[in-house]
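If you use our numbering, the sequence shown corresponds to residues 1 to 371, in order.
It is worth saying that the hints were derived from the structure and are not from the lab.
It cannot be assumed that every hint is accurate.
[To be verified] Simulated crosslink set (BS3-like; lysine-lysine; CA at most 30 Å straight-line): (1) Lys-57 x Lys-98; (2) Lys-291 x Lys-263; (3) Lys-334 x Lys-292; (4) Lys-185 x Lys-57.
[To be verified] Pairwise CB distance ranges (calculated): (5) Ser-23 x Glu-103: 31 to 37 Å; (6) Thr-143 x Ser-38: 15 to 21 Å; (7) Thr-309 x Ala-15: 52 to 58 Å; (8) Pro-236 x Asp-30: 20 to 26 Å; (9) Val-53 x Arg-118: 52 to 58 Å; (10) Arg-353 x Ser-23: 28 to 34 Å; (11) Lys-349 x Thr-90: 43 to 49 Å; (12) Arg-353 x Thr-86: 34 to 40 Å; (13) Arg-353 x Leu-91: 29 to 35 Å; (14) Thr-90 x Ser-23: 48 to 54 Å.
No residue lacks a Cβ here, since even glycine has one placed at the ideal position from N, Cα and C.
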Amino acid sequence: MVTTPESLELMLSQAATVEGFASLRLVVVDEWHELIGSKRGVLTQLGLARLRVMQPKIRIWGLSATLGNVQEAMACLLGVNEEGATRKGTLIAGKARKEIRIETILPELGRDFPWAGRLGLTLMGKVLDLVEAGGSSLIFTNTRSQAELWYQAMLEARPEWRDRVALHHGSISAEVRALAENGLKDGSLLAVVATSSLDLGVDFSPVEKVIQIGSSKGVARLMQRAGRSGHRPGLPSRVFCLPTHSFELVEVAAARDLVNDQKIESRHSPEKPLDVLCQHLISMALAGGWKKEAMWAEVRSCQAYRNLTRKEWDWVRQFAAEGGPALARYGEFKKLLEQDGVMVPSDVKTVRRQRMMIGTIRVKLRCRSAT
1 MVTTPESLEL
11 MLSQAATVEG
21 FASLRLVVVD
31 EWHELIGSKR
41 GVLTQLGLAR
51 LRVMQPKIRI
61 WGLSATLGNV
71 QEAMACLLGV
81 NEEGATRKGT
91 LIAGKARKEI
101 RIETILPELG
111 RDFPWAGRLG
121 LTLMGKVLDL
131 VEAGGSSLIF
141 TNTRSQAELW
151 YQAMLEARPE
161 WRDRVALHHG
171 SISAEVRALA
181 ENGLKDGSLL
191 AVVATSSLDL
201 GVDFSPVEKV
211 IQIGSSKGVA
221 RLMQRAGRSG
231 HRPGLPSRVF
241 CLPTHSFELV
251 EVAAARDLVN
261 DQKIESRHSP
271 EKPLDVLCQH
281 LISMALAGGW
291 KKEAMWAEVR
301 SCQAYRNLTR
311 KEWDWVRQFA
321 AEGGPALARY
331 GEFKKLLEQD
341 GVMVPSDVKT
351 VRRQRMMIGT
361 IRVKLRCRSA
371 T
């Protein structure tokens, strides 16, 4: 089964999940570097903690190609034992170093870079030359609006490419995105202009070159995007960086040096975010309820909550149940109640609303409104 942190949380909120995961033996967390530094990563840690309670002998694998703090990342996946020590794991790393060739697209001699506020369209001619040179190209931008503008500008410059160039970002329908992905896979497209929607999860062997418009905003992201090209053993990855202004030219030079030295950024897990924990406690109550001490131990088995104090635990538990002292007088915030030592949902409306709002995208706004 392939799933997401949010869908896993939704499944864990169902009482039938225990039986459904009775044969669970292995969990593989792919692209862990994209999750570990966010609250989605913390939600993943909480989900893994619950799975370890259900199946203590499960094996957990984490996959990542671009991460500086590998040991810490592994500890976040494995969690801590009853003594508070990180569970033992094995690090497996390839010895062969992937060759990444980084080139910079520069204006003609005698022309200056602007200082700021440009999209890089003045260098469209050089990008078109690269695309025409052969093979499929993947053109990355940092925003959806920039992707739209580059896509339209390319079609205006080459109207005959209308069926050979595609656009890909999160606001486009899944059907249109699938057409772009399939076109890259079978080599029928000359180029796809994309945002981070094509950073992960899909490998395109026919892609020969990647063009990064503007700064990649990080060494790991540049390596990740470069890796979309030459995605076969023994082939180098090629990325052409197009600075849109003078300061990005400096960023590209610095990123090239860091890639060559294999100095990749570290990504750290957020430290005990109470908003995520509050939501998780309500979700787990939907699956038949939980006992206070057992859940306390389960939560503290997560690396993100290993330093959670008893005072903090009591506060977030009370907030999850009643909304805190300021909101306890309002009935809609009484989401949990205790029955025979088990915390369960207060009513059907709580169950329905919680399952509709599971995830960390809205959790910050919800907590702001609650305070």
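Taking the hints in turn, this is what the structure says about them:
Of the pairs offered as hints, the one joining Lys-57 and Lys-98 is violated, with about 34 Å between alpha carbons and a cut-off of 30 Å exceeded. Restraint check for Lys-291 and Lys-263: the C-alpha separation of about 45 Å exceeds 30 Å, so the hint is violated. Pair hint Lys-334 plus Lys-292 holds up; C-alpha atoms about 17 Å apart against a cutoff of 30 Å. Simply put, Lys-185 and Lys-57 have alpha-carbon atoms about 38 Å apart, too far for the 30 Å limit, and the pair is violated.
A hinted range of 31 to 37 Å for the beta carbons of Ser-23 and Glu-103 is inconsistent with their spacing of about 50 Å. Checking the proposed 15 to 21 Å range against Thr-143 and Ser-38 shows it holds: the Cβ atoms sit about 19 Å from each other. As the Cβ distance of Thr-309 to Ala-15 is approximately 31 Å, the hint placing it in 52 to 58 Å is violated. In this structure the supplied range 20 to 26 Å holds for Pro-236 paired with Asp-30, their Cβ-Cβ distance being about 24 Å.
Hint check: Val-53 to Arg-118, Cβ distance near 53 Å, so the stated range 52 to 58 Å holds. For the pair Arg-353 and Ser-23, the supplied restraint of 28 to 34 Å holds, since their beta-carbon distance comes to about 32 Å. Checked against the hint of 43 to 49 Å, the pair Lys-349 and Thr-90 passes, with Cβ atoms roughly 46 Å apart. Against the hinted window of 34 to 40 Å, the Cβ-Cβ separation of Arg-353 and Thr-86 comes to about 36 Å, which satisfies the hint.
Distance hint check for Arg-353 and Leu-91: the Cβ-Cβ separation is about 42 Å, which falls outside the suggested range of 29 to 35 Å. Our hint of 48 to 54 Å for Thr-90 and Ser-23 is violated, since their Cβ atoms are close to 24 Å apart.
Going down the numbered hints, you'll see the structure goes against 1, 2, 4, 5, 7, 13, 14, while the others check out.
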